[in-house]
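On the provided structure of chain A, position chain B as indicated by the hints.
Residue numbers (this note's numbering), protein chains in the order written: chain A, 1 to 349; chain B, 350 to 709.
Hints are computed from structural coordinates only; laboratory data are not their basis.
Quick caveat: nothing in here was measured; it's all calculated off a predicted structure.
A couple of the hints might just be wrong.
Covered by chain B, according to a simulated footprint, are these stretches of chain A (three or more residues, beta-carbon under 8 Å) [to be verified]:
(1) 38-48
(2) 220-231
(3) 254-266
All C-beta atoms in this analysis are idealised placements derived from N, C-alpha and C, irrespective of residue type, glycine included.
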Amino acid sequence: MGKQRYRITSYIIGGILLVFLVMALLVNTTSLGENTWLRVFFGVSALNFTLRASVPLILGAMSGILCERTGIINIGIEGMMLAGAFAAFVAKTSTNHWPLMSSLLFGVAVALAVGGVMGWLHAVFSIRYRMDQIISGTVLIILAAGISAYLFDRNAVAEGKFGAIALPGLSQIPVVGEVLFTNPPLTYTTLILVVVIHIALFYTKWGLRSRACGEHPRAADTVGINVNRFRYMNTIIGGMLAGLAGGFLVLEAVGQFQEGMTAGRGFISLAAMIFGNWMPFGAMGAALLFGYTQALQNELLLAGVTTVPRQFVSMIPYVVTIVAVSGFVGRVRPPAAEGKVYETEGGSE
Amino acid sequence: MKEKRFAIVVSLLLVFTLLLSACTATVPAAPAPQTGGGEAAPAPAANIKIGLVTDVGRVNDRSFNQSAWEGVKQAGTALGLTEGDGFKYIETQDSKDYADNIQQFVDAGFNVIVTVGFALGEATTKAAKENPDTYFIGIDQFQGEALPNLTGLVFHEDQSGFLAGALAAQLSKTGTIAAVLGTDLVPPVVAFGTGYELGAKYINPDITVLTTYHPGEISQAFVDPEWGAATAKQALDQKADVIFGAGGSTGNGALQEVAAAPGAGTDVFCIGVDTDQWETLPAAHPCLVSSAMKLITPSVIDLINNYAASGTMTSGNYFGGAGLAPFHDFEDKIPQEVKDKLDEIAAGLADGSLTTGYQP
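Just chain A, with the same shape it has in the complex:
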């Protein structure tokens, strides 16, 4: 039953994607492109904007999936992202004199590391000290917001950011090449990561064990899996992914840091994760949907085709998010042991 529904959903989503692809090809290569409305919905710029707005959401959702699949609720993605963003900014500004690429890559490395540390903190709080995981996540958000705002040097300037790299050959494909194969490096990384995480979770020993820890830790423990070690490890990796999302914002999207620049993306990632039923591709689809609504909002403003007041156009992303989440959220199922402290029988650790 569950499997069948899953298959039907996949067909529907595949169908929508196909329609999109065909429309995008037609609009951007034929005279259909003269129609402003079609350009708003399917133009290359709308698709590029979608991808760009989705990348941090996808990474955040992947972070959430990794943590929650092993049973740790991670509400602190927002904080981990912000910490990663700030770390990337500090790393970039202190190495401005290095060659651009190495300085940017150093920024990415530091963002990953700091994200990992935040993940570790979350794991320590919620596993070792059995703190309520929601509270621990909230603490991380406050921690990141406080420290980054306090230490932020407004005179510091990050010089340069990642530019687009066109993949030879592939980028020549009309429309698809422009949207998918002419991107900055972290965007490619994100797309690859989704595939990697999907395969790792569902086709490797590690993935099976991770999921077992989130569904039925007692059973996992019985067969000799160290549940808390898995939880530690996945929360740290999850933290690194969230840190990477922050690094994306600073090093690829903007090139600067702003106080509170993650602006709730961590929470939208959580919504994408839930909407995507804790599946990597599902979460990516949800993130792309949220990104697309933002693109639509901006395209409508840029094209100036509506006489609808701007405030209503600005509502589109939120309305779609609410409708999507409230309409579908009843049908998804979180990992069974999510948020529950696991203790081995007779021991405290």
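The following block gives chain B in isolation, referenced to the frame of chain A:
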């Protein structure tokens, strides 16, 4: 036991965290007053004390607040005043504090108060009415009704934007240019944007100008570089090849995006705003051909000097200078006829033989 000690350390850390985040919200923004120092300073002219209230944001924002503070600092130093004693600033943390921050200066006996930004207009007018002996300078605050002790320092942003548009239209090869702007809730931004469009159409009536304003409220519109960058990319995707970024760090995001785009400086260009952004935003160097400026710093200096010298308060509006910034590294890449055309337009706007056609 060890467990317990660790737990205490962790909880202390968390408390400290709360403290930190509290700090950033309520940290006293004004610098600690410095003690005047023993040496006899040159006699301060007419006992002037200058206070500056910023709009929400920092005094060193590389943009608006900073230009105004530079003006106060230079004028104050020239008058022999010292920072902290003779002139100082208060950074506004929240828009509901405008009036309180102005009042702090009034209470402390400051007699020249500069308020930075359109959004402070109401609070400034009110304070000026209540304190007729204090001289107020409201930057970007157009005065509909003239008060004797309040100068609205305003600019012909439309002219500056017009020149930027004329430059953009002459550089564009695709026939499409774009403007990524802060909010249309702030009139000077609209003046910049409309001037830009009109200037571009003046050169090439068939040109496509993609103009967007930030969709959010005033409080976010100037501090959202991510939106600026993404929107600039969108404009580039729609074949725009000159992009005007006007709106604090939102606009800066747009400029940086263009600077990182393929073909920056050869096929695609960007134009900054307010100050000469070549100086303030090095990251935009690859594409930055010029900036549509409003000369806040010299205008503030003029107004303060005027008051210090003669004690006269300029009533109503004072129009500060506006124009294009130097081309810097693009000096040699911009054809002479483009420069000549810009000079011609600038001269026309100055003597009134040419109008931008902008209706506020």
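A quick look at each hint next to the structure:
no.: 1; hint: 38-48; in the structure: holds (count 5)
no.: 2; hint: 220-231; in the structure: violated (count 0)
no.: 3; hint: 254-266; in the structure: holds (count 7)
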